[in-house]
Each structure stands twice: as C-alpha cells, then as structure tokens.
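J.: Model the full assembly from the supplied sequences, consistent with the hints where possible.
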Amino acid sequence: MIYHGETLSVHYLEDGIAELIFAAPSPVNKFDLATLESFNLALDALYQQPNLKGLILRSTKASFIVGADITEFLGLFSLPADQLSQWLHHANTIFNKLEDLPVPTVAAINGYALGGGCECILATDFRIADHQARIGLPETKLGIMPGFGGTVRLPRLIGADNAMEVITTGKDKKAAAALSLGLIDAVVATDMLPTAALSMVKQAIKGDLDWQQRRYQKQIPLRLNATEALMSFTTAKAMVANIAGKHYPAPMAAITAIETAATCEREQALTIENNHFIKLAKTNVAQSLVGIFLNDQYLKNHAKQAIKTAPTTQQAMVLGAGIMGGGIAYQSVTHHVPVIMKDITTDALTLGMQQAAKLLNKKLTRGRIDGLQMAATLAMITPSLTYSDTQQVDVVIEAVVENPTIKAAVLAEVEQQVTDTTVITSNTSTIPINLLATSLQRPQNFCGMHFFNPVHKMPLVEIIRGQHTSDETIARVVAYAAKMGKTPIVVNDCPGFFVNRVLFPYLAAFSLLLRDGGDYCQIDNIMEADFGWPMGPAYLLDVVGIDTAHHAQKVMAQGFPQRMAKQYTDAIDVLYQQQRFGQKTGAGFFNYSLDKKGKPKKAFDPQTATLLAPIAAAPTSFDSTTITDRMLIPMINEVVRCLEEKIIATPAEADMALVYGLGFPPFRGGVFRYLEHIGLANYVALADSYQSLGPLYQVPDGLRAKAAADEHYYPTATAVTMTHH
15 MIYHGETLSV
25 HYLEDGIAEL
35 IFAAPSPVNK
45 FDLATLESFN
55 LALDALYQQP
65 NLKGLILRST
75 KASFIVGADI
85 TEFLGLFSLP
95 ADQLSQWLHH
105 ANTIFNKLED
115 LPVPTVAAIN
125 GYALGGGCEC
135 ILATDFRIAD
145 HQARIGLPET
155 KLGIMPGFGG
165 TVRLPRLIGA
175 DNAMEVITTG
185 KDKKAAAALS
195 LGLIDAVVAT
205 DMLPTAALSM
215 VKQAIKGDLD
225 WQQRRYQKQI
235 PLRLNATEAL
245 MSFTTAKAMV
255 ANIAGKHYPA
265 PMAAITAIET
275 AATCEREQAL
285 TIENNHFIKL
295 AKTNVAQSLV
305 GIFLNDQYLK
315 NHAKQAIKTA
325 PTTQQAMVLG
335 AGIMGGGIAY
345 QSVTHHVPVI
355 MKDITTDALT
365 LGMQQAAKLL
375 NKKLTRGRID
385 GLQMAATLAM
395 ITPSLTYSDT
405 QQVDVVIEAV
415 VENPTIKAAV
425 LAEVEQQVTD
435 TTVITSNTST
445 IPINLLATSL
455 QRPQNFCGMH
465 FFNPVHKMPL
475 VEIIRGQHTS
485 DETIARVVAY
495 AAKMGKTPIV
505 VNDCPGFFVN
515 RVLFPYLAAF
525 SLLLRDGGDY
535 CQIDNIMEAD
545 FGWPMGPAYL
555 LDVVGIDTAH
565 HAQKVMAQGF
575 PQRMAKQYTD
585 AIDVLYQQQR
595 FGQKTGAGFF
605 NYSLDKKGKP
615 KKAFDPQTAT
625 LLAPIAAAPT
635 SFDSTTITDR
645 MLIPMINEVV
655 RCLEEKIIAT
665 PAEADMALVY
675 GLGFPPFRGG
685 VFRYLEHIGL
695 ANYVALADSY
705 QSLGPLYQVP
715 DGLRAKAAAD
725 EHYYPTATAV
735 TMTHH
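Under our numbering, the first residue of the sequence shown is numbered 15, with each subsequent residue one higher.
I should point out that these hints are in silico values taken from the structure, not numbers from a laboratory. One or more hints might be untrue.
Heads up, simulated EDC-like pairs for lysine to aspartate or glutamate below, C-alpha to C-alpha not over 16 Å straight-line [claimed, not checked]:
| id | residue 1 | residue 2 |
| --- | --- | --- |
| 1 | Lys111 | Glu51 |
| 2 | Lys67 | Asp222 |
| 3 | Lys660 | Asp507 |
| 4 | Lys220 | Asp29 |
| 5 | Lys75 | Asp205 |
| 6 | Lys155 | Asp186 |
| 7 | Lys616 | Glu542 |
| 8 | Lys598 | Asp561 |
| 9 | Lys111 | Glu281 |
| 10 | Lys580 | Asp530 |
| 11 | Lys67 | Asp114 |
| 12 | Lys67 | Asp175 |
| 13 | Lys260 | Asp544 |
| 14 | Lys188 | Asp199 |
| 15 | Lys232 | Glu113 |
| 16 | Lys67 | Asp29 |
| 17 | Lys155 | Asp310 |
| 18 | Lys216 | Glu28 |
| 19 | Lys232 | Glu279 |
| 20 | Lys111 | Asp58 |
| 21 | Lys216 | Asp29 |
| 22 | Lys185 | Asp175 |
| 23 | Lys598 | Asp609 |
| 24 | Lys293 | Asp96 |
| 25 | Lys497 | Asp408 |
| 26 | Lys322 | Glu486 |
| 27 | Lys67 | Glu28 |
| 28 | Lys232 | Glu281 |
| 29 | Lys75 | Asp144 |
T.: Structure follows, in structure tokens:
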C-alpha cells in the first residue's frame with residue numbers, strides 16, 4: 015500500500031505500475047475539500063516511489079467522479095477574493111502534480127466524470143472509458159466556470175471550438191461522442207476497463223505510445239493563427255450572447271478566459287482561469303443557481319423519503335379528458351403507470367386521447383421512441399364512459415371544469431366507485447381543498463394535486479393538504495408525482511394555494527400600473543428583457559386566458575378581500591367584457607395568428623389601447639426601476655405571508671415553486687434569494703416608499719421584524735476553512 019485515505023487509496027498492481035482508486039464511503043465519488051487534500055497526499059506519496067513506472071486512476075463506484083461537492087460551494091464563494099484565489103491556486107498545484115508525474119498516466123473512466131472529475135482525467139496522459147461513460151463540464155449551469163484547469167486543458171486537447179461548445183452548454187458527452195472529439199482515446203466494455211487501462215499504460219512505458227508528447231500539447235499555447243482565433247472566438251461569443259443572454263455571464267466569461275489564455279503556457283493560462291472564476295463566484299447569479307441546485311436536492315430527498323414509505327401507485331384514473339386530462343394521462347403512462355381516462359362524452363375522450371397521442375407523436379418524430387413504444391404507451395390509457403375496473407385504482411385525479419359545484423358532485427360520485435383505500439385528488443388551481451372535501455365521506459384520503467399547463471413541460475406539482483388529509487395520503491401522492499417525473503411541493507390549503515395566491519398580487523400590480531397610465535407593451539418588455547421573466551404580464555394573461563384570470567380573480571378577492579378585492583374596473587374586466595380571452599380567441603392584449611408550425615404568434619394590436627383608454631389615466635412613461643418595483647413588491651409580500659402563515663414550509667420550497675411553477679428567473683433564485691441579494695432592510699425601505707398604493711404594498715410584520723433584527727431567510731454561507739499539508 016502506497017497511500018490509504020478515507021475516500022481513495024494507492025497500491026501497486028504489478029511491477030512498478032500503481033493504481034489510484036477513488037472509493038468514497040458515500041454512494042458516489044466527489045471532489046470535496048477532504049478528497050482533494052487526500053488526493054494531494056496520495057500524489058506526494060507517488061513522487062516518493064523510486065520504482066514507479068506508470069499510474070492508473072479508476073473508481074470502484076458506478077461512476078468515476080460526479081464532480082465537486084456543491085454543498086461546499088456557497089461557503090467557498092463567501093471567502094474573500096484573495097483567499098479564494100489562493101485556494102484555487104492550491105487546487106491547481108494538485109492537478110499539476112498529477113500531470114507532471116515522471117511516468118505515464120491513464121484514467122479508466124466508468125459512468126460519470128463531470129466537473130472536477132472531468133478536470134482530473136484531463137490532467138492524465140490517456141483516457142479510456144466504458145460505454146456508459148458521460149464526460150462533461152457542467153459548471154456554467156451553476157453560474158460559474160471550470161476552475162481546476164478545464165478551460166486550459168480541454169481546448170488544447172480537443173481544439174478551441176469543440177472545447178467552447180462543451181464548456182458553454184454544460185452538457186455532458188456520451189462515450190462515442192467523447193471518442194470522436196478526442197476527449198478519450200478508447201471505449202471498451204465495463205468489465206474490460208481495468209485490463210485495457212493496464213495494457214495502455216504498458217504500451218506507454220514501452221514507448222509505443224508517446225505520452226510525453228500528449229502531455230506537452232496541454233502545456234503550451236493553443237495552436238491557432240490570428241485569423242483562426244478571431245473566427246473561432248467571435249463566432250462563439252455571438253452564439254453565447256444569443257443563447258445565454260445578458261443575465262447568465264458564465265458562458266461568456268469562459269470564452270473570454272480561453273481566448274485570453276490562448277497564447278499562454280499552462281501556468282499563466284491557469285492564473286487567467288482563476289481570475290475569471292473568482293469574478294463569477296462572487297456574482298448573485300452564481301449564488302442563485304447554486305442555491306437552486308441545493309434546493310432541488312432538498313426537494314428530491316423529500317420525495318425519496320415519500321417513495322420509501324408510501325405504497326407504489328400501480329393504476330391511476332383521470333376524470334375529465336380535456337387537454338389537461340390528456341396531458342396528465344400522458345405524463346403518467348410515459349412513466350409506466352397505466353391510466354383509466356373517464357369522461358361523460360365520446361368527444362371529450364377523443365380530445366384527451368388526441369392530446370396524449372400528439373405528445374407521443376412529437377417524441378416519435380424526434381426519434382426518442384419508435385412506433386412500437388408509441389403504440390404500447392398509448393395502449394396504457396383506457397378511455398371509458400363508465401366507472402369500470404375502478405376496484406384496481408390506487409389514485410384518482412379529478413380534472414373537470416374549475417367549478418366547485420361540478421367538482422364536488424364528480425368527487426362524491428367517484429368515491430362511491432372506488433375502494434376504501436383509494437386516494438382521490440383534485441387538479442384545481444384555486445378552489446379550496448377543505449371546501450371540496452366537505453362532499454366526501456373519507457376526507458382523509460383526499461388532497462389537491464395541482465398540475466401546471468402545459469403538463470408535459472412544467473416541472474411543478476402542488477400537493478395541497480386539507481385539514482383532514484392524512485400523512486399517508488400526502489406520502490402516496492408525493493411519491494406518485496415524483497414517479498411521474500415531476501417536482502412535488504406540499505402546501506397547506508388556502509384560496510389559490512401557493513403559486514396562484516402569489517401570482518394574483520403580481521397581476522393586480524399590473525392592473526394598477528395600467529390604471530395609472532402605464533403602457534402594457536413597455537411593462538412586458540421590461541419584465542422580460544430586464545427582469546428575466548419568460549413572459550411579461552400581458553402576454554402571460556393572454557396565454558392563461560383572460561376568462562380564466564377573470565374567474566380566478568373573483569375567487570382570490572373572496573378569499574383575501576382586504577388585499578385582493580378591487581373597487582374599480584380593470585383591464586382584465588374590459589377585455590373579458592369584449593370576449594377577448596387571449597390566445598384561445600385570437601385576441602387579448604395582443605393579436606394572435608398561427609405560424610407555419612401551427613403555433614400562436616403574437617402581434618401588437620392598436621385596438622387594445624383604445625379599449626383600455628376609458629379606465630386609465632393619461633399615458634405616463636414610468637422608468638424601468640419603478641415598473642419592476644411596482645410589479646414585484648405585491649408578489650414578494652404575498653410570498654413572505656405564505657411562509658409566515660405556514661402555507662409553504664420553507665424558503666427553499668417557496669423559491670422552487672416560483673421557479674418551476676411560474677418561471678421566476680432562475681438567475682435570480684426565487685423571491686427569498688432575491689430578498690437576500692437586495693438586503694431585507696433595503697427591501698422594507700423600498701416597499702414603504704410605495705405604501706400609498708394600498709394594502710398589497712404593506713410589508714408583512716414578520717419580514718419587518720427580521721429586517722430590524724438583521725436576520726436572514728437562508729443561512730448565511732459560512733466560509734470554509736482551508737487546510738494545506
């Protein structure tokens with residue numbers, strides 16, 4: 015044994031050939047701070063071996079190394095810049111030690127080699143992978159860029175263009191693609207990996223493979239002439255500006271680092287990478303995106319617990335076969351849970367089946383499934399006009415029209431047809447679950463299961479707990495939603511639950527701006543281009559449907575009269591009276607026509623301003639800050655109230671519900687992360703300056719108290735202590 019640590023060890027395989035094995039006690043290997051230090055000590059021990067002839071790196075886990083430990087990131091990022099720089103420099107000396115070993119090195123890659131794991135294999139002379147291998151640098155997805163030499167070694171290994179594509183998209187490469195790029199040297203079956211790696215290192219020792227040349231190539235400047243460089247970097251920047259946009263600086267920073275370091279040797283190039291990394295690590299964007307990753311892991315762990323405790327859902331039933339019902343049925347069967355789809359007319363059933371078939375057909379045309387798979391999946395949906403085979407149903411999802419009387423009748427009817435243990439859920443967006451539960455004899459088996467439209471695209475499902483809902487019911491529905499590939503978030507019951515309850519104050523703020531002479535086109539533009547929403551409020555209302563919004567507005571006004579009832583006719587009322595319901599009728603705030611692909615395309619409609627003129631003040635030009643403030647304060651206040659009233663359990667769940675359910679800009683991290691970036695005291699002062707606009711702009715007492723006490727919604731990142739040996 016040359017070295018033995020908690021997560022890795024080094025020993026001789028045979029005469030002079032050593033093997034460094036990553037074998038963490040956890041399910042996967044990660045380059046956390048402890049493993050990095052252990053790796054350093056192992057390399058030091060290898061330098062002390064006078065008879066060393068070659069080295070193989072491999073893993074005993076299902077994957078090589080899945081990356082750094084992201085739970086340590088926020089702590090690292092909170093270090094002062096000079097300390098973070100020192101730490102990165104220290105980490106790079108470790109990878110340089112690997113690259114500078116006086117013997118040939120081979121990485122044997124099984125499964126994932128991502129982030130720091132990919133940067134580790136880039137520091138070896140040769141790389142051999144199994145067919146399951148996935149190799150990549152996903153750092154830009156977290157708002158940062160590779161920091162262990164990835165922007166230096168990868169371009170020198172596979173060329174600048176290919177390297178920039180890998181780094182800026184953050185997508186991993188399968189083994190075959192990695193081989194054709196030159197990222198790896200061979201692909202073999204998993205059981206052949208150790209033997210193949212040994213054979214490769216022996217060829218290098220014998221001199222049949224020129225390992226010194228491979229190494230030298232990664233340490234010298236990029237081989238690009240001035241014209242090639244100009245073309246390469248200009249094209250890459252244009253593409254990134256177009257795709258990532260101004261709100262995501264990491265892909266552009268990575269390109270700039272590669273471009274600046276193109277004429278440099280390894281040491282200088284690593285210093286350039288270090289500088290760019292630190293700038294990104296200090297941005298709000300990096301903190302937001304890392305925060306989202308950590309929040310997502312938190313939700314996944316919750317769902318895993320539910321899956322462990324709850325019985326598996328083998329058969330589901332959807333009541334109501336419209337676009338929504340068809341979408342829910344599709345989502346269930348594509349994740350192998352058969353569905354009975356029940357409605358009262360054949361036309362409705364046809365519509366539901368068509369919706370599922372249309373979504374499957376898209377997969378077919380893209381080559382994701384073949385004809386046989388499509389037929390088998392569609393056959394898992396049983397359309398029915400009667401309650402047949404209901405004794406086998408584990409979970410019912412009621413998705414009929416958003417009308418409490420109709421829903422109550424349908425729920426009471428289905429309860430008579432199913433077993434005593436069947437869980438019944440309602441896909442409602444605003445009707446209180448406690449109200450619907452009054453029509454049931456077994457309210458403990460009932461909860462809300464609110465899907466978002468379009469079902470196949472929106473990741474969130476709100477699971478609404480009524481006052482009688484049992485823990486077993488919640489666990490089963492959470493497990494089923496997770497099995498369907500969705501992110502379930504459990505909320506307590508109130509009108510609008512969480513997502514719609516916080517959306518309506520935002521839409522009310524929009525109506526107030528229009529009343530005060532604001533221009534809906536300018537507001538949409540600012541909320542999309544500046545703040546980063548996928549749609550501005552006018553466009554969003556058109557897509558949701560003005561009629562739907564008009565109805566939901568009434569429900570919310572009844573639920574929260576002091577804040578959400580309005581004493582005036584607003585833009586939604588006017589368009590509703592004109593039967594301009596948005597996309598579905600071809601006109602709302604905007605006009606809609608179908609493009610060549612049959613998708614609705616919006617256009618400016620001069621008639622809208624004429625219709626809205628009677629209910630609005632003289633046109634006023636608001637600046638973008640005022641628009642952003644006025645739009646967001648009511649939503650932020652309502653989100654905070656939901657946390658204070660325990661409608662939602664944690665800031666993490668609130669932020670993820672906003673990102674996954676409403677498209678809140680991920681680079682801003684959600685409302686609580688956004689509040690942390692602004693500073694709570696700064697936010698209170700800002701909101702107070704608008705309090706004359708009414709109750710929606712009143713800061714909740716709990717937030718005011720938190721700001722006064724200098725407390726936080728997220729634990730402040732504690733800087734990591736570094737240990738250098």
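J.: Give a verdict on every hint.
T.: So, going through the hints one by one against the coordinates:
Of the pairs offered as hints, the one joining Lys111 and Glu51 holds, with about 13 Å between alpha carbons and a cut-off of 16 Å not exceeded. A distance of roughly 14 Å separates the Cα atoms of Lys67 and Asp222; the hinted pair therefore holds under the 16 Å criterion. Of the supplied pair hints, the one linking Lys660 and Asp507 holds, its CA atoms being roughly 10 Å apart against a limit of 16 Å. For a cut-off of 16 Å, the pair hint linking Lys220 to Asp29 stands: about 13 Å separates their Cα positions.
Taking the CA atoms of Lys75 and Asp205, the gap is near 13 Å; set against the 16 Å cutoff, the hint holds. Of the supplied pair hints, the one linking Lys155 and Asp186 holds, its CA atoms being roughly 12 Å apart against a limit of 16 Å. Between Lys616 and Glu542, the direct Cα distance comes to roughly 15 Å. Compliance with the 16 Å bound is thereby established for this hinted pair. A hinted pair counts as satisfied when its Cα atoms are at most 16 Å apart, and Lys598 with Asp561 qualifies at roughly 10 Å.
Simply put, Lys111 and Glu281 have alpha-carbon atoms about 13 Å apart, close enough for the 16 Å limit, and the pair holds. Simply put, Lys580 and Asp530 have alpha-carbon atoms about 15 Å apart, close enough for the 16 Å limit, and the pair holds. A hinted pair counts as satisfied when its Cα atoms are at most 16 Å apart, and Lys67 with Asp114 qualifies at roughly 13 Å. Note on Lys67 and Asp175: the hinted pairing is violated, with a Cα-Cα distance of about 35 Å set against a maximum of 16 Å.
Taken as a hint, the Lys260 and Asp544 pair is honoured in the structure, with Cα atoms around 9 Å apart against an allowance of 16 Å. For the given pair, Lys188 sits about 13 Å from Asp199 by alpha-carbon distance, which is consistent with the 16 Å threshold. Of the supplied pair hints, the one linking Lys232 and Glu113 holds, its CA atoms being roughly 9 Å apart against a limit of 16 Å. Distance hint between Lys67 and Asp29 is fulfilled; the C-alpha atoms sit about 8 Å from each other, no more than 16 Å.
For a cut-off of 16 Å, the pair hint linking Lys155 to Asp310 stands: about 14 Å separates their Cα positions. Of the pairs offered as hints, the one joining Lys216 and Glu28 holds, with about 11 Å between alpha carbons and a cut-off of 16 Å not exceeded. For the proposed pair Lys232 and Glu279, the alpha carbon gap of about 9 Å is at most 16 Å, so the pair holds. Using a Cα cut-off of 16 Å, the hinted pair Lys111 and Asp58 holds, with the two alpha carbons roughly 8 Å apart.
Taken as a hint, the Lys216 and Asp29 pair is honoured in the structure, with Cα atoms around 11 Å apart against an allowance of 16 Å. The suggested pairing of Lys185 with Asp175 holds, with an alpha-carbon distance near 15 Å, which does not exceed 16 Å. With a CA separation close to 15 Å, the supplied pair Lys598 and Asp609 stays within the 16 Å bound. Among the hinted pairs, Lys293 with Asp96 is consistent with the structure: their alpha-carbon atoms are about 11 Å apart, no more than 16 Å.
This hinted pair checks out: Lys497 and Asp408 have alpha carbons roughly 14 Å apart, not beyond 16 Å. A hinted pair counts as satisfied when its Cα atoms are at most 16 Å apart, and Lys322 with Glu486 qualifies at roughly 12 Å. Of the supplied pair hints, the one linking Lys67 and Glu28 holds, its CA atoms being roughly 10 Å apart against a limit of 16 Å. This hinted pair checks out: Lys232 and Glu281 have alpha carbons roughly 11 Å apart, not beyond 16 Å.
Using a Cα cut-off of 16 Å, the hinted pair Lys75 and Asp144 holds, with the two alpha carbons roughly 13 Å apart.
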